[in-house]
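Asker: Listed below are the residues making up each chain.
Protein chains: 2
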Amino acid sequence: MTTAVPAEDTRTRLLGTALRLFAEHGVEGTSLQMIADALGVTKAAVYYHFKTKAEITEAVAEPGIRELDVLVVEAAKQRRRGAQIDQLLDGFVDLVVRHRVLVALFSSDPGINRAIEKSAHGMEGFKNALIAILAGPDPDVAARVTAMVALTGVAMAGGSPDLAELDDETLRRELIDVGRRLMGRPRRH
Amino acid sequence: MTTAVPAEDTRTRLLGTALRLFAEHGVEGTSLQMIADALGVTKAAVYYHFKTKAEITEAVAEPGIRELDVLVVEAAKQRRRGAQIDQLLDGFVDLVVRHRVLVALFSSDPGINRAIEKSAHGMEGFKNALIAILAGPDPDVAARVTAMVALTGVAMAGGSPDLAELDDETLRRELIDVGRRLMGRPRRH
Numbered sequence: 001m002t003t004a005v006p007a008e009d010t011r012t013r014l015l016g017t018a019l020r021l022f023a024e025h026g027v028e029g030t031s032l033q034m035i036a037d038a039l040g041v042t043k044a045a046v047y048y049h050f051k052t053k054a055e056i057t058e059a060v061a062e063p064g065i066r067e068l069d070v071l072v073v074e075a076a077k078q079r080r081r082g083a084q085i086d087q088l089l090d091g092f093v094d095l096v097v098r099h100r101v102l103v104a105l106f107s108s109d110p111g112i113n114r115a116i117e118k119s120a121h122g123m124e125g126f127k128n129a130l131i132a133i134l135a136g137p138d139p140d141v142a143a144r145v146t147a148m149v150a151l152t153g154v155a156m157a158g159g160s161p162d163l164a165e166l167d168d169e170t171l172r173r174e175l176i177d178v179g180r181r182l183m184g185r186p187r188r189h
Numbered sequence: 001m002t003t004a005v006p007a008e009d010t011r012t013r014l015l016g017t018a019l020r021l022f023a024e025h026g027v028e029g030t031s032l033q034m035i036a037d038a039l040g041v042t043k044a045a046v047y048y049h050f051k052t053k054a055e056i057t058e059a060v061a062e063p064g065i066r067e068l069d070v071l072v073v074e075a076a077k078q079r080r081r082g083a084q085i086d087q088l089l090d091g092f093v094d095l096v097v098r099h100r101v102l103v104a105l106f107s108s109d110p111g112i113n114r115a116i117e118k119s120a121h122g123m124e125g126f127k128n129a130l131i132a133i134l135a136g137p138d139p140d141v142a143a144r145v146t147a148m149v150a151l152t153g154v155a156m157a158g159g160s161p162d163l164a165e166l167d168d169e170t171l172r173r174e175l176i177d178v179g180r181r182l183m184g185r186p187r188r189h
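So the sequences go chain by chain: S and Y. Under UniProt numbering, the letters of the first sequence match residues 1 to 189, in that order. Under UniProt numbering, the letters of the second sequence match residues 1 to 189, in that order.
Please keep in mind that the hints were generated in silico from the structure rather than gathered at the bench. Among the hints, erroneous ones may be present.
Unchecked claim - No farther apart than 30 Å at their CA atoms in a straight line, the calculated lysine-lysine pairs in the BS3-like style are these:
no. : chain 1 : residue 1 : chain 2 : residue 2
1   : Y       : Lys127    : S       : Lys127
2   : Y       : Lys77     : S       : Lys53
3   : Y       : Lys43     : Y       : Lys53
4   : Y       : Lys127    : Y       : Lys53
5   : S       : Lys53     : S       : Lys43
6   : Y       : Lys127    : Y       : Lys77
Pulled out of the complex, with its shape left as it was, chain S reads as follows:
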C-alpha cells in the first residue's frame, strides 16, 4: 500500500480547480501559480501535468468538446428529420446544463475560444455541424436564422449567471421546451 495520490486524481483535481479559477478570474487573469496555490501544491507539480496554461485550457474544455462531437455524429445517424432535431436538441441542452460553468466561460472569455480554435475541429466546425442538422438540408434563410437563435440562445441562457440558481432538471426541461417551440416540435409535457 502507498499513500501517494495517483497522478490521474491530481490531474482531475487540477482541471476542476482551473475551471473554477477561470470562471472567477478569466483565463487571462489566472496564472499557473494561482492554480498551484489553490490546489496546495508546488508550481512544479502543475508543470508535471501541463507545460502551459494553453494546455490546461484545452484539457478543461476537452470533455465537453468530445461529447459535442459524439452528439453531432449520433444525431446525424437518425433517418428522420424530426428524430435528428429531437436527439440534437436533447443532447445539446443536456450538455450545456452539465457543463454550465464551462459554457459560461465560452461566452465570456476569448481565452478559452482561442484554445479551442487551435484544436482539431475548432468551434466553427462544430457550430456548422450543429446548425446543419438543426436547419436541415438546403435550408432557407428562415431555417438558418432559427437554428442559429436556438443554438446560441440555449447556450447563452444555459450558461447565464441569471439562471444559475435553477437546478439542472428545471433548467434542462425549460431549455428543451423553448428549443422545441423554436424548432416547431410538439411539446412533450
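Please arrange chain Y on chain S, whose structure you already have, making use of the hints.
Answerer: Same frame as chain S, but now just chain Y:
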C-alpha cells in the same frame, strides 16, 4: 470659408475607424497608434479627442447603449403586455441589425464589456430591464428562460459572421419572426 475639417467629423470618423479595427483585431489588439495610422493622422490628433483607448471604447458603444436605454423606457410605457413585447422586440431587433458590428464585438470581446460595465448603467442593468419587460411581472421560470433565450439568441444570431451576408431588411424580418414565435406573438406576414 475654411478648408479645416470640423472637429466633429474627425471624431465621427475616428469612432468608425476604431470600431472597424476593434472588429478586426479585438479591442485589446488595437492600439491608439493603429487608429491614428488607419485615419492618416498623428497620434496627437487622436489624443486631442480621446486620452485613452477605454474612452474610445465607451464612445464607440455609446450610441447603441443610448438607443437601448430609450427603447426600454418607451416599451415600458405601453399599457398592454402584448404592445410592450411587440415594441421591445421590434426595437431590439432593429437596434441589433443596425449595430451588427458592435453587437458582434460585444459577444466576442470582453474589452468592450469591461468598458460598458464602468459606464453608468452597465450591461447588467440593461439586460435586467429588457428581460423584465419581455418576461412580464412576477415571471415564472418558463417566462424567464424564454425571455433570456430570445434576447441572447437574437443578439448572437444578429451579430454572427455566419449571417453577415444577409441584408438588413431580411435579417430584421427573420429575427422578428423567430422572436415573435418564441414569445407566443402572432405572425405578421
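Asker: None of the hints should be skipped; say for each whether it holds.
Answerer: Do the hints match the structure? See the list:
A hinted pair counts as satisfied when its Cα atoms are at most 30 Å apart, and Lys127 (chain Y) with Lys127 (chain S) qualifies at roughly 25 Å. For the hint pairing Lys77 (chain Y) with Lys53 (chain S), the CA-to-CA distance comes to about 50 Å; that exceeds 30 Å, so the pair is violated. Annotation: proposed proximity of Lys43 (chain Y) to Lys53 (chain Y) holds, straight-line Cα distance about 12 Å (limit 30 Å). Restraint check: the Cα-Cα separation between Lys127 (chain Y) and Lys53 (chain Y) comes to about 25 Å, which is no more than 30 Å; the hinted pair holds.
At most 30 Å may separate the alpha-carbon atoms for a hinted pair to count; Lys53 (chain S) and Lys43 (chain S) meet this at roughly 12 Å. Distance hint between Lys127 (chain Y) and Lys77 (chain Y) is fulfilled; the C-alpha atoms sit about 18 Å from each other, no more than 30 Å.
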